[in-house]
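J.: Residue-level listing of the chains:
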Amino acid sequence: MSLPVGKAGPSRRAELLDCLAGLVAIGLDVLVLVGGIQPLRLLFALAFTFFVPGRAIVTNWPRVERWSAVGMPIVFSLGSLTLVATVSLWLGLWHPMALFALVSAASLAGIGVGITRRRRACPTHLEQEREVG
Amino acid sequence: MSSPSISVIICVYTEDRWDHICAAVESIRAQSRPSAELILVVDHNEALYARLVDTQPGVIVLRNQEAHGLSGARNTAVAVAKGEIIAFLDDDAFAQPEWLEFLTEAYEDSKISGVGGLAQPRWQTRRPRWLPEEFYWVVGCNYRGMPPSGAPVRNLLGGNMSFRREAFDLVPEGFRIDLGRSVDKRPLGCEETEFCIRLRERKPDVKLIMEHRAKVWHHVPGVRCQFSYFVARCYAEGLSKARVSASVGWKAGLSSERGYATRVLPLGAARGMADLFRGDIGGLRRAGAIVAGLCVTSGGYMAGVMGRNRQLPVVAALSTDDPPDTDDRRPAEEPRLGATWPPLGSWLLPASLALWAIGLSGAHVASLGSYGLLAAVGITFYAGLGLLVVSIGVELARAQISPLRLGLHAAALIMVLYGSAPLVYREGRYAWLYKTIGIVQYISAHGHVDRSIDIYQNWPGFFALAGWFDQVAGVSTPLDYAKWVQLVFELAALPLLHISYRSLALPVRQRWLAIFLYFGSNWIGQDYLSPQGLATVLSLGIVALVLRWMHAGNPSARGQEARGDMGRAGTPCSRPLVAGFALLFFIVTFVHELSPYILVTQLAALAVIGLLRPRWIVLIALVIAVAYLAPNFPYVYRHNGLFSSVGNFFGNLRPPVFSARPGASQAVIAHCELVLSIGVWALALIGAWCRRQSGQAVTGLLALTFAPILVLAIQAYGNEGILRAYLFSLPWAAALASSALLPTLDRGTLRAPLILACTVGLFLFSFFGDDASNVMSQAEVTTLLTFMEEARPGLVICALRDGPLSDTANYNEFPIAGVYGRGSIVGTGKAPPSVAEFLARTAEYATGGSKPAYVVISPVMLAYGKAYGGASPASFTALRDSLAQSRYWKEIVSNDGIVVFRITVAAAHMPRGAYNSKPAMGVP
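Chains V and Z, in that order, give the protein sequences.
Numbering of the first sequence is given in our numbering, commencing with residue 0 and proceeding in unit increments.
Numbering of the second sequence is given in our numbering, commencing with residue 5 and proceeding in unit increments.
What the hints contain is simulated information worked out from the structure, not anything from laboratory work.
Do not take every clue at face value.
[To be verified] Only part of the chain V face toward chain Z is listed, based on derived beta-carbon distances under 7 Å:
| id | residue |
| --- | --- |
| 1 | G70 |
| 2 | T81 |
| 3 | T85 |
| 4 | P95 |
[Stated by the list, open to error] What follows is a set of in silico ranges between Cβ atoms, one per label pair, in the way DEER data are often shown:
| id | chain 1 | residue 1 | chain 2 | residue 2 | range |
| --- | --- | --- | --- | --- | --- |
| 5 | V | A100 | Z | A671 | 50 to 58 Å |
| 6 | Z | A671 | V | P61 | 53 to 61 Å |
| 7 | V | Q37 | Z | S406 | 33 to 41 Å |
[Stated by the list, open to error] Output of the computed footprint for chain Z on chain V, the stretches with three or more beta carbons under 8 Å from beta carbons of chain Z:
| id | stretch |
| --- | --- |
| 8 | 46–55 |
| 9 | 96–108 |
In this text the structure is predicted, and so the values were computed from the model without any measurement.
The C-beta atom is built at its ideal place from N, Cα and C for all residues, glycine as well.
Here chain V stands alone, though its shape is the one from the complex (with noise of 0.2 Å):
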């Protein structure tokens, strides 16, 4: 996934955002899929815990700073994975690699969907793009 050049800060920001996490869903799946190397795959489920999903979900908030963009999808990621895990128990459908492969699923398609977001709006908006969130 190339970067666009000449971008402005918060906008290549949070495409290397998106990248990261991105490369994190997709690193998670293939350690699941081969059973992958305990330490690795524990620290890869961590920052997937984390950061992922709530990635998706701040990568298409119209804008946001720095430090809401590392803080806030921390609080979504937990919250939203607490909800779906919860939710699934009480329903009696505890199927926890299902869930994780629905969630890694959605939280690829939220990040795709911001990344084409944000390179179909002008570039020059991008360079304008003022820090206020």
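Start from chain V and add chain Z according to the hints.
T.: Coordinates of chain Z only, in the frame set by chain V:
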């Protein structure tokens, strides 16, 4: 080439040194190579001046025409000196007859602008054995580690130095009057260092050398052989170095000192230790003096760096190229100052982490005693932590704040405070952690919750997340990662705190100081692998969301006040944001029982004072919280006494008491916890006052800080309500406290790192002091885990209800009871003579004889009993002996101090005896 003329200058200030002055003068008169003139400058002492004029013929006696102090006196003399070479001798030193001859010889090289000689101590009392030669500069003498004779040096030593006349033409302002003796009560110095550096700045090819053949002897009185003088002199040297660095830049100002601190002093310390091993006990003292001297000098430097802004006008004026009489007293210039800041953080931080790691690596945690980890780690652990606080102080005092560096420091502080325990202990701390693990295991194994088991199954959010995580991460039990969770939660809190503080428009230094204070005072340890841990992070996120996007301007505030408290007034709150808020709040309601209500109280307080828009989101939050509680209400009412503490605010305010007779160390720890908590809240109040005084709004922060306490009006939360209130109050109390410590919004004073150091010190006692009764060995965890997995379900009676039990998926089939301690079978009183029979009867009564019963004794229970006075070691011995001798119990596990007894069939047929009372107390 003709021999240059020499003026010798001796600066004097007190008649107390009359004999030394006379000796110095005589030594000059007796030189093999006579001086052209001898100048005595009297530093504002008329009696001494008159006495010298009367008694010293052939000597030029002058009054100091400049400011009081050595520098002014020297400048006065230089102004009238006519010699081509100007030499300086201290008034308490005397020169050897060839002194001037050797000095003059060195000037045959025309490139040499200054020559210094050797100053050797003349002890008036015995040479102190503890004073290392590396620190002889403390007594004004040459020290070990100086360059060899003839080698170029950065600066000369004031007691024995000489310069060509041209040097003073190049640096016409002479010696700085804000350096050197007498301008301060402290024994400051470095005026000649600063002069030499400026000389080199003006003429880079200037060459200064040492000529060791040119000797003087320096009188060292007894008072200078005392350790107190050593400390004062080191501190003053640090202060002086800071001032020199401010004037000439840190590179030049500390160029020699870096090599001295990194090469000479370590070698000196090693030499001292080697002397010790050779049988010289003084070697240890010298090594200690080197460490102490380095620390104190560094501290003085730090103090000088932080307090330097007060010296800036003088520094700026004297560091300019213009002479001081041009009246060009420019104010402090940030770029200039920024350029002079040493990159201390670049080595302080890694050095502190290295020391911390070394201290941890040598920790002896196999058998913890009083004060837990604190007594088990090496001194380098504390040195590392101290250095980290110093480094934080340096970063906060920088002219240009660097978020990256401060972020790294925050991460380092979190690592040191919350990463130490998981690094040194094989298993996670706290007995309750294992209960949490059991619930996660239950959910992973069963795939559903059973609301009748316990309250946790009614608030399953956290356990569901952990169960899901275990599967995705491919771990079989949370035991694999449990001990690291607290560290991860604390790291997660860092950006959330920053978002909130930024939204509150806290100035950047206060913002970071608040972050450091938060992590340095979050002692209650509730955010481990527990629902409270997750709820805390989520709650911080919700408050960050609210402050960032759902706040309103303070209507009672004016201009800056409104911005200062709640940032941008009237930011429109969109529907997705409200939905996001409601969803997050809903998640908190099924993660933790108390957190949503504390959160509602905080939000309500903000809404009441008009800082939250729309106000009705508080109502939404309350409805969500109550709606979740409603279906669970019967269970909570029945099992947890929901209304038993309503209205008992002051009773609920009391911190939990584990024992009426805690040990001495426990009393100290309890006091540390209390002082830290009250101290943070007191600082918050002072900070509120400071903010109000400076025109900043305080109501929002005050509401967030103290609203959690209101929850105690309706709930004691098992006597832990006050701890939870503290946890939720802490971020905002820390924000207010930072306003008290950095009230000027300018570069930091010494207050901030000092208070942070105190905070961290109290934190260490509060957080690690209990470890003896909180830490389980790997053998303990493994043995009891194996027992719980393999044993037939039944009643488990623990010697004390504190152990790594209930960490299996079938934890619900093993109800736990305690032998000793409040609310247990025997209680806090003395055990009956035949406690085994008593326990057997109790077990039979509780199980109806249909299930087995077990008695578990483990080391952590013993440690807990000793620490909190719940049960003495003798009680444990009595229990174990009684069980071993009883025919009603059979030992089935014995490993590394862990013993498990199982009830025998004989118990079912035991005769009814003296203990046929109702034994159900403490039995589930």
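J.: Confirm or reject each hint.
T.: Hints, one by one, checked against the model:
no.: 1; hint: G70; result: holds, 3 Å
no.: 2; hint: T81; result: holds, 4 Å
no.: 3; hint: T85; result: holds, 4 Å
no.: 4; hint: P95; result: holds, 4 Å
no.: 5; hint: V:A100 <-> Z:A671: 50 to 58 Å; result: holds, 54 Å
no.: 6; hint: Z:A671 <-> V:P61: 53 to 61 Å; result: holds, 56 Å
no.: 7; hint: V:Q37 <-> Z:S406: 33 to 41 Å; result: holds, 37 Å
no.: 8; hint: 46–55; result: holds (count 3)
no.: 9; hint: 96–108; result: holds (count 3)
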